[in-house]
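Going down the list, the sequences are from chains S and W.
One point on numbering: in my numbering, the residue at position 40 of the first sequence is 40, and numbering is uninterrupted.
One point on numbering: in my numbering, the residue at position 50 of the second sequence is 1050, and numbering is uninterrupted.
Hints in this document: simulated from the structure, not taken from any laboratory.
We put the beta carbon where it would ideally sit given N, CA and C, even for glycine.
Check the hints yourself; a few may be wrong.
For the chain W half of the interface with chain S, some residues (derived, Cβ under 10 Å), not all of them [as the list claims (entries may be wrong)]:
#1 1001
#2 1003
#3 1062
#4 1100
Quick list of the computed label-pair ranges, beta carbon to beta carbon [unchecked claim]:
#5 W:1010 <-> S:30: 37 to 45 Å
#6 W:1007 <-> S:75: 41 to 49 Å
#7 W:1074 <-> S:30: 37 to 45 Å
#8 S:74 <-> W:1014: 45 to 53 Å
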Amino acid sequence: QLQLQESGPGLVKPSETLSLTCTVSGGSISSSSYYWGWIRQPPGKGLEWIGSIYYSGSTYYNPSLKSRVTISVDTSKNQFSLKLSSVTAADTAVYYCARDIPSYSRPPYCSSTSCYMGGWFDPWGQGTLVTVSS
Amino acid sequence: DIQMTQSPSSLSASVGDRVTITCQASQDISNYLNWYQQKPGKAPKLLIYDASNLETGVPSRFSGSGSGTDFTFTISSLQPEDIATYYCQQYDNLPPIFGQGTRLEIK
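So that you can see chain W by itself, here it is in the shape it has in the complex (with noise of 0.2 Å):
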C-alpha cells in the first residue's frame, strides 16, 4: 500500500495566520491526493480534490498544491472555525489511503 505523511501532526497557530500543512506520498501518485477537515464529534468533510480544486462552497482562503509525491494544504488566514483535524488522502492505488491527520488549534 502506498503510504501517506502528513506534517506536522499537530500545530497551534493564531487568527489570521498563515497555515500550511503538508503530505508526502510514498511513491508518485500524480495530483490524485484530496484534503478532507474533520471538526471534533463530526464527519469529515471534503475541502479539495484532485490535489488543487477547491470543493463548491468551501472559502477561498483554504486551497491545495502539489503533484507527484509532495502536496501542501494551505489556510491563508486562520479563522476561529477552522478549529479541526485535516486528512489528505490518495486515490491513485487500492485502496485509498488517508493520513494519519493535522490537528489544528488555535494559539
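Just chain S, with the same shape it has in the complex (with noise of 0.2 Å):
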C-alpha cells in the first residue's frame, strides 16, 4: 500500500526559505506511471496545487507559485522535495504531497522540453503545518 509523509520544519520565518521533504514507501518514485505533487491548504481555506515532478525531473508549476518553486526528486531515497523561497504570512498552510495519476484521457500539456499528463491526486500523505512567521 503506497504511502507519503512529510517532514520539515514547522516554522519558517517570513523572507526565508522553505524546505519540505516527502518520502514514499510502498512502492517506487520511479515509476514511470506517476508523477509526485504538492499541495497546499492554508488554515480554513482550499487547496491549492504547487507543482508536480517526474521521476526523470521534469517540473511542472502553479504559475502562481513558480517563481519561488523548486520541486526536486531523489530517487535513490524514493523522495522528492519542495522549496518556496521568499515566504510570507500568505504562505502559511498545510501541505501535502500526493501522488499525482495521470488521466490518458486528455491529451498531454507540452512544452518545448516535455509533456505533463493533467489528472489526479491519490494517495495524499498526511500533511504538515508550516507556519511563517518571526
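Please assemble the complex out of the two chains, which come individually in their own frames, going by the hints.
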C-alpha cells in the first residue's frame, strides 16, 4: 500500500525558504506511470496545487508560484522535495504531498522540453503545517 | 485560470437523506473533473475521477455525473461517517484548480 509522509520545519521566518521532503513507501517513485505533487491548504481555506515532478526530474509549476518554487526528486531515497523561497504569512498552510495520477483520456500539456499529463491526486500524505512567522 | 464554483458552500442533512453538490466550471472542461472528500484534520481522499468513475473501494452510495461546465456529486443515502468537506478539481487546463469546497454536516 503506497504511503507518503511529509517532513520538515513547522516554523519558517518571513523572507526565508520553506523546505519540505516527501518520503514515499510501499512503491517506487521511479515508476514511469506517475508524477508526484505538492498541494497546500491555508488554515480554513481551500486547496492549491503547487506543482508536480516526474521521476526523470521534469517539473510543472503553478504559474502563481513558479518564480518561488523548486521541486526536486531523489530516486535513491524514494523522496521528492519542495522549496518555496521568500515566504510571507500568506504561505502559512498545511502542505500535502500526493501521487499525481495521469489521465490518458486527455491530451498532455506539452512545453518545448516535456509533457505533463493532468489527472488526479491519490493517495495524499497526512500533511504538515508550516507557519511563517518571526 | 478556469474558475470552479461549488454550491452550496455548506449544507446540513439528515442520515439517510440524498445529498447533492454541484460544481460549475467557468468554461467547458469536458469530463476532466474529480471529487475529493476531506474529513476534519485529515488529508483529502479521492472519491471520483473523470466526473463519474468511482475510485476502487469507495462505497457505491457516492456518485458523480456531468460534463462540459456543470457537474453533480451525489450521496444517495447520507451516513454519519460522510461528514466532511467535499472538493471538485478540474484538470482540463493547467493549473489544476479545486473548487472552494462544500462542508457537509449532519442535521
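We went through each hint and held it up to the structure:
| no. | hint | verdict |
| --- | --- | --- |
| 1 | 1001 | 8 Å, holds |
| 2 | 1003 | 12 Å, violated |
| 3 | 1062 | 14 Å, violated |
| 4 | 1100 | 5 Å, holds |
| 5 | W:1010 <-> S:30: 37 to 45 Å | 42 Å, holds |
| 6 | W:1007 <-> S:75: 41 to 49 Å | 43 Å, holds |
| 7 | W:1074 <-> S:30: 37 to 45 Å | 38 Å, holds |
| 8 | S:74 <-> W:1014: 45 to 53 Å | 50 Å, holds |
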